[in-house]
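Construct all of the structure, not just a fragment, from the sequences and the given hints.
If you read the sequences in order, they're chains A and B. With the first letter of the first sequence counted as 1, position 78 gets the number 78 in the working numbering; the numbers rise by one all the way through. Add 1000 to the 1-based position in the second sequence for the working numbering, that's all there is to it.
These are computed hints drawn from the structure, not numbers from a lab. These figures come from a predicted structure and were not determined experimentally. Keep in mind that a hint or two might mislead.
[Claimed, not checked] Per the computed footprint, the stretches of chain A lying under chain B, defined by three or more beta-carbons under 8 Å from a beta-carbon of chain B, are:
| # | stretch |
| --- | --- |
| 1 | 45-59 |
| 2 | 68-78 |
| 3 | 102-110 |
Glycine is no exception: its CB is placed at the ideal position from the N, C-alpha and C atoms.
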Amino acid sequence: MNDGRQSGAAVKLDAIAFSYGEAVFNFDVAFAPGEITAVMGPSGSGKSTLLNLVAGFETPQSGNVLIAGKDVTLEVPASRPVSMIFQENNLFAHLSVEDNVGLGCSPSLELTSLQRDAIGEALARTGLDGKQRRLPRELSGGERQRVALARVLVRDRPVLLLDEPFASLGPALRDDMLDLVADLQAERRMTVLFVTHQPEDARRIAGKMVFVENGAVAETGPSERFFSAGGPEAFRRYIGSESESHDVARKRT
Amino acid sequence: MRLTRRSDPRIAAGVVALAAIALLIGGACVGLVAEGARDLSGAVAAFDGYLLRVARFTLWQAILSTLLSVLPALFVARALARHPRFFGRDLILQLFAVPLALPAIVAALGLLALYGRAGYFADFLGGLGGGRWPGIYGLSGILVAHVFFNLPLATRLFLEALQTVPADQWRLASQLGMGVRPAFRLIEWPVLRQALPGIAGLVFMLCITSFTIVLTLGGGPRGTTLEVAIYQALRFDFDPILAVALTLLQIALTLAVVLVLTRLGANTVGDANLSVATRRYLSVAKGEAAFNAALIALSLLFVAGPMVATVAAGVQADLTRLVGEGAVRRAGLTSLVLAFMSAVLSTALSLSLIMARRALALKRSGQGRTLLEYATDTGAGFVLVVPPIVIGAGWFILLRHVGDVFALAPVMVVTVNAVMAMPFAIRALRPAYDAASERHERLCALLGISGWNRLKLIDWPPVRRPLATAFAFAMALSLGDLGVIALFGSDSVQTLPYLLLSRMGSYRTEDAAGLALILGALCLALMFVAARFGKDASA
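Below you can see the structure in the form of structure tokens.
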């Protein structure tokens, strides 16, 4: 599976300026290749915007998006070496599990037998064997996100963006999914950017941390440092207030 | 959210659709202006006393029709809202949706069968007035017909507004022991008052552009509106310059109305599907319940009466002979083919505009809307401003220099009816498309699904059912239309409504009644299909 093109691509936001209505964002940050980086920060701070800029859903007013050293600022989302999983709506409701994964191989769903095999493998790897013909509504919330992960596998892109994909799952299920992501990342050496509101999520799988506040990256570094007693002041404040308004914050995207 | 920097094929589709609509309306305008410029003094001279009298009558009947439709509808809607559950309520609401798709000429015949000089009620009504019943021709006929169409429409729209009152408010009201009067003043009236300008505006608009009703029930020059006068100027007096003057006046009038309407925030399109919410936190006193029951029963009789009369008069006709008749068969086939093509065109245009609007809305990030987006959005709703007769008249005047106007009847009927049904089709389609797009847009961009693949795999399945609804409704509207065909129809191209009109004109009443039954049944079948798909789509 590891074909060299893989094993992580560096993701760099170079002096990005972006505004949406009143909100202004300025990002200048580099993500380590082949590692999982947690992106945390208060609601509305710009975590999702950061991911959307990397994915190409938003185009910056100035600055460049670099992936694996290549400038992709003006490329459309589909042509960037990036997969993304959202909190919801990762699947087309009228298409079967197999077709939803198949769209990762071919946007016209004209699949070769080789691709069909790859889809079968991806479904088996994500624990969805035997559910090929199901529709999304016949799956649980966790299973739906597994289908999205299976599609990430067949798309085989070096960068994976996770925008709170497990926020609506229960704690035990969330841990299972996190472990699955960690396993897949270990196999494929993808560069993973993981937006989450849960400190324990970041602790569980992320080696690096990027803390976003007021539309800019406030702090970066290894996760341990953030969670240690000497962690950044702003981050500790955020965690503190976070544990009080747990459920409210989790719903935000 | 800006998704791509490349051009989106959906926007191209919308531009093509807009161009087609602009060509249709623009061509008509060219025809009118060219004719007016050719004979400027004649055009000015045409603005005489006759013209002003017609304009005054047009306004007057529209004002009266609106008052008589909207005021009772307020109370009927309230009565229906106060009783969310009783036997037959759903049936009444469905019945109230029927006039939306029922051809005006069928309704006119039903009303004549009931209240006409030789109608079922003639003896009774004559006895009341002491003497022979003169029938309902003229202003009274126009008013009764307009109320027949618009009372149920307004009732449904008011009911929709009342159903936006949250159940919690009613729970609160009954907890506070709020009586009928305070509940009306504090809960119901604010909602109704908010909906009132829009609904009254819509009804007024429909009445001011009404053609078939006035043509069949107006009964002569005293009861003529601008639309009918245009038709007569072109078909009987061969006076194109008078038609130009009348048309310009009609456009000015409707434009003025629309300007007022937009300022009031009116929604210019009715809806065939009504969400039926139920609530149970209400106790209605006996006296009020009796009043409500009487009100609902009365409006039910008024609306159902002409429909029953249509059926009763229709079955008395020799239907087997009628169906066997060559002219009837040809007209039926022509009608179905033209209506089908019109519905295809209408849904295609609507879908193009909807997709383009959505794509344009996604493209801008936080900035204001562009003119193009505005055109694909609000612009589409305003085709109602330009009545079919006006478009037809423009093209009629333009084409009469080129060749045989009547040979172009099929093209005109298909295109004009398609554009006229568009606001309704858009209303049925847009929520489904926008909701699907909301869910799928980022995913499609991420996976590179676009163009034909996207249409086939992603967009088609969720819009299939609402598309069927829009299609059936557009086809019903086109099938029953007697606007363009009245201008362009001839012995060689006849539709069912046209044939019906000519049978009425030659006093073959029984034939007309039979044809009305056939036409009405066809439209209702389509309406049923539309409602069926609409219901399943929302489930």
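How does the coverage statement for the stretch 68-78 of chain A fare against chain B, requiring three or more residues with Cβ below 8 Å from a Cβ of that chain? This one holds; 4 residues, not fewer than the three required, reach chain B with a Cβ under 8 Å.
Are three or more residues of the stretch 102-110 of chain A within 8 Å, CB to CB, of chain B? holds (count 5)
Verdict on chain B covering the stretch 45-59 of chain A, where coverage means 3 or more residues with a C-beta closer than 8 Å: Check passed, 6 qualifying residues.
Checked against the numbered hints given earlier, the structure satisfies every one of them.
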